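Trainee: Heads up: the sequence lines are chains A and B, in that order. Heads up, the first sequence is in our numbering, so the first residue is 1 and it goes up one at a time. Heads up, the second sequence is in our numbering, so the first residue is 374 and it goes up one at a time.
The set of hints was computed from the structure by calculation and includes no laboratory data. The structure presented is a predicted model; accordingly, all values stated were derived computationally and were not measured. In this text, a Cβ means the ideal position worked out from N, Cα and C, and glycines have one as well.
Sample of chain B residues at the chain A side, in silico, Cβ under 8 angstroms:
#1 D467
#2 N504
#3 L512
#4 A544
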Amino acid sequence: MANLQENLQYLKQIANHPQQQLRKYCEEGKQVIGCFPIYTPEVIADAAGIVPLGMWGAQTEFSQAKKYLVPFACPIMQSCLEMALTGVYDGVKAVMIPTMCDTLRCVTQDFRKGVENIVCIPFTLTQNRKIPAAETYLVEEYTYVRETIEEVYGVKVTEENLLASIDTYNEHNAQMRRFAKLANDHLDIINPIVRHEVFKSAWFMTKAEHLAVMKEINDSLEVMAAYVFTGKKVILSGITAEPEGLLQVLVDQNLAVVGDDLAQEMRQYRTDIPAGSTALARLAKQWAARIDPMAHEDTIRRGELLEELLKANGARAVIVCLMKFCDPEEYEFVSYHKALKDRGYTVLSIDIDQQPANYDQARTRIETLAEIL
Amino acid sequence: MSENMSERVAKPKRPKAKSQLMAGEVLDRAYNDTIEAKARGEKIGWATSLFPQEIAETLGLHIVYPENHGAAVAAKKLADPFLSYAESHGCNNDLCSYAKIDIAYADILDCSPASNMAQPDFLLVANNGCNEITKWFELIGEKFQIPIFMVDMTYNHKGYVTESRVQYIKAQIEKVIKDLSAFTGKTWDQERFTEIMRISTVTRGLWEQVADYLALEPSPLSGFDLFNYMGPMVFTRGRKETGDVMRQLIAEIEEHIAQGTSTYPGTQEFRIFWEGIACWPYLSHNLRTLKKYGINVCATAYARAWSLDYTPGDMESLARAYSFTSSNNILLDESIRRRTEWNKKFRIDGTIYHVNRACKVMVCQQRELMRRVSEACDNLPYMSFDGDQADYRNFSEAQFETRVEAFAEMMRKHKEELQNG
Numbered sequence: 001m002a003n004l005q006e007n008l009q010y011l012k013q014i015a016n017h018p019q020q021q022l023r024k025y026c027e028e029g030k031q032v033i034g035c036f037p038i039y040t041p042e043v044i045a046d047a048a049g050i051v052p053l054g055m056w057g058a059q060t061e062f063s064q065a066k067k068y069l070v071p072f073a074c075p076i077m078q079s080c081l082e083m084a085l086t087g088v089y090d091g092v093k094a095v096m097i098p099t100m101c102d103t104l105r106c107v108t109q110d111f112r113k114g115v116e117n118i119v120c121i122p123f124t125l126t127q128n129r130k131i132p133a134a135e136t137y138l139v140e141e142y143t144y145v146r147e148t149i150e151e152v153y154g155v156k157v158t159e160e161n162l163l164a165s166i167d168t169y170n171e172h173n174a175q176m177r178r179f180a181k182l183a184n185d186h187l188d189i190i191n192p193i194v195r196h197e198v199f200k201s202a203w204f205m206t207k208a209e210h211l212a213v214m215k216e217i218n219d220s221l222e223v224m225a226a227y228v229f230t231g232k233k234v235i236l237s238g239i240t241a242e243p244e245g246l247l248q249v250l251v252d253q254n255l256a257v258v259g260d261d262l263a264q265e266m267r268q269y270r271t272d273i274p275a276g277s278t279a280l281a282r283l284a285k286q287w288a289a290r291i292d293p294m295a296h297e298d299t300i301r302r303g304e305l306l307e308e309l310l311k312a313n314g315a316r317a318v319i320v321c322l323m324k325f326c327d328p329e330e331y332e333f334v335s336y337h338k339a340l341k342d343r344g345y346t347v348l349s350i351d352i353d354q355q356p357a358n359y360d361q362a363r364t365r366i367e368t369l370a371e372i373l
Numbered sequence: 374m375s376e377n378m379s380e381r382v383a384k385p386k387r388p389k390a391k392s393q394l395m396a397g398e399v400l401d402r403a404y405n406d407t408i409e410a411k412a413r414g415e416k417i418g419w420a421t422s423l424f425p426q427e428i429a430e431t432l433g434l435h436i437v438y439p440e441n442h443g444a445a446v447a448a449k450k451l452a453d454p455f456l457s458y459a460e461s462h463g464c465n466n467d468l469c470s471y472a473k474i475d476i477a478y479a480d481i482l483d484c485s486p487a488s489n490m491a492q493p494d495f496l497l498v499a500n501n502g503c504n505e506i507t508k509w510f511e512l513i514g515e516k517f518q519i520p521i522f523m524v525d526m527t528y529n530h531k532g533y534v535t536e537s538r539v540q541y542i543k544a545q546i547e548k549v550i551k552d553l554s555a556f557t558g559k560t561w562d563q564e565r566f567t568e569i570m571r572i573s574t575v576t577r578g579l580w581e582q583v584a585d586y587l588a589l590e591p592s593p594l595s596g597f598d599l600f601n602y603m604g605p606m607v608f609t610r611g612r613k614e615t616g617d618v619m620r621q622l623i624a625e626i627e628e629h630i631a632q633g634t635s636t637y638p639g640t641q642e643f644r645i646f647w648e649g650i651a652c653w654p655y656l657s658h659n660l661r662t663l664k665k666y667g668i669n670v671c672a673t674a675y676a677r678a679w680s681l682d683y684t685p686g687d688m689e690s691l692a693r694a695y696s697f698t699s700s701n702n703i704l705l706d707e708s709i710r711r712r713t714e715w716n717k718k719f720r721i722d723g724t725i726y727h728v729n730r731a732c733k734v735m736v737c738q739q740r741e742l743m744r745r746v747s748e749a750c751d752n753l754p755y756m757s758f759d760g761d762q763a764d765y766r767n768f769s770e771a772q773f774e775t776r777v778e779a780f781a782e783m784m785r786k787h788k789e790e791l792q793n794g
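From just these sequences and the hints, can you work out the full model?
Mentor: Rendered as structure tokens:
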């Protein structure tokens with residue numbers, strides 16, 4: 001068993017070098033599948049022994065992607081397309097892309113036409129999620145994903161293996177939730193950067209591997225005496241909180257992240273895969289139960305969700321990591337920023353991009369936030 | 374607004390054709406009926422433009438369409454205060470300009486002298502035009518605390534609407550009918566539903582006939598004319614009076630054919646395909662610039678999105694049609710196939726792509742569409758320009774004019790090359 005610092009260092013290394021992980025898995029003779037944001041049925045790949053790797057882009061200049069996307073398209077999509085077109089993803093045999101937003105719809109088509117060496121598996125999640133017909137439809141959609149994976153990778157995805165993978169994913173969810181809680185008692189060790197690296201690393205390992213490390217980290221944290229944090233506490237919301245330069249500003253200002261509503265982080269772990277008649281039906285039920293701004297709800301509950309997070313973790317401010325050109329996030333912001341401000345909370349919105357940029361402006365605004373709090 | 378536009382001396386306008394006046398009357402009536410219904414205490418709705426209108430029409434509900442309303446506000450150059458208001462109330466500059474106008478309008482509820490929409494009691498949402506409209510309408514629903522009746526039309530990543538999609542959409546439509554009837558106190562009449570679908574099918578046929586006249590050389594009408602009739606096609610294609618508008622228009626076109634005239638004001642040298650929504654605040658500028666080079670818009674995919682092909686009375690065919698009609702809800706190969714077919718049918722000389730700042734779903738695969746359509750059609754020339762369906766700030770007259778000039782030259786050369794083998 002590695003000690004806490006060794007484990008955190010290990011995850012840091014993985015979070016910051018996903019391409020090394022891709023190479024490692026390929027060298028080990030493992031097959032790899034790419035998983036675009038935000039939700040893909042990773043379990044199907046995992047059950048066949050294929051390693052699902054998250055595709056969240058990286059800080060990069062856009063060159064080849066400009067042939068397909070306009071400058072005002074989502075930076076994650078530009079970045080992913082750029083890396084696929086320039087060979088960074090070589091070794092990945094296929095990618096799963098959920099058509100969850102307008103840009104993702106189009107990227108499925110750009111990817112199909114532009115990236116010849118990687119198979120694109122688009123699929124469409126439901127929006128009217130609660131009616132029985134939605135589950136029937138989504139099971140069909142997942143069946144097509146499973147059949148395509150079987151064909152592309154030459155594997156057989158059995159029900160037994162799917163159920164075993166579901167158990168692993170649920171157990172991993174539980175450990176990630178446990179970590180989010182324990183981290184708040186150890187804000188001296190789990191600063192905003194470390195917290196982010198722990199979450200991000202989960203995208204570049206098999207869930208079983210990450211689970212094993214997370215158990216050790218959580219066990220280590222649990223037996224340590226709680227640290228009394230005297231700085232200010234904030235909640236993060238948005239798609240991703242990157243790059244680390246931005247999080248360094250929080251560290252410098254002695255601001256702690258005590259909860260998040262980030263697509264790349266806790267949104268993934270809020271909802272377990274529930275019971276159901278078949279493995280794919282269970283995956284469909286999980287999507288129906290998720291709370292996510294990409295999914296339609298009759299009433300927007302993002303404000304309430306954020307307020308609960310604020311209250312439960314003793315924070316008074318939300319830093320919105322607003323991914324540039326992300327329509328769903330921008331629409332929801334209109335509603336929840338006003339609701340939270342009306343209730344006396346502080347809301348600070350920072351633009352997130354994936355092209356190398358300095359965060360001087362963000363630094364000034366975060367410094368001001370720290371002073372206000 | 375640019376200096377160039379505001380300083381231009383206004384010429385006396387060509388009198389509007391009878392069909393255009395009729396279209397205006399139909400549209401005005403639709404807005405007024407909704408306001409009057411609201412005053413009577415009836416529940417009225419706002420709908421997305423590709424929500425199955427057959428449902429509301431069958432139930433006798435009065436509906437208005439914020440996308441059309443936004444276009445009208447922009448075309449009348451009234452958008453500025455709404456855009457500013459939205460952006461100072463939390464809307465990112467980056468959001469859809471129709472949405473920003475509507476979100477601001479929902480607070481202000483007055484855009485005179487353009488037609489006003491009464492405050493809604495319910496919303497009808499379909500995401501076949503785009504995904505983001507769902508989030509837009511959720512904001513409206515939250516503001517007024519009113520229910521949203523939604524049909525998820527499921528993006529089609531295959532070349533057809535899968536059976537599982539058809540069943541899912543059908544189930545949703547049936548649920549909307551049940552819930553909407555209960556909410557409004559209206560009664561569903563299956564026979565009336567079939568009749569509305571029949572009327573809509575007749576209107577569709579007439580609309581197709583109008584669009585097909587553009588295949589004639591020279592065309593008896595200017596392609597931009599179609600934009601003048603889109604209001605009724607969206608609002609009231611399930612009503613007989615819209616068919617009357619189309620019949621009148623057809624009679625006028627036939628008259629032009631008989632006289633050897635056209636509504637296109639000039640010599641038609643080039644026949645082009647217009648890709649994307651019109652640039653509403655600059656419609657007359659765009660037309661004027663195209664006319665300078667003898668360019669007529671003879672085909673557009675946008676106007677055809679409301680040309681729904683289904684079997685009256687058959688819910689599954691309706692589900693299939695609404696899911697597969699818009700270029701925004703289908704895979705790229707199908708978009709290329711349709712455009713290749715239209716380019717041939719309408720003997721198109723080139724394509725103008727509107728890189729619409731307001732509409733990501735239209736532009737995020739547009740570059741590949743440009744290349745593939747051109748390749749599929751003997752290296753058909755194309756140009757693109759930066760614009761916006763409703764935000765006048767995102768368009769440059771100078772850029773448009775320069776590009777159109779070069780584009781005309783490209784088309785001329787291409788035609789010569791084809792003629793010379």
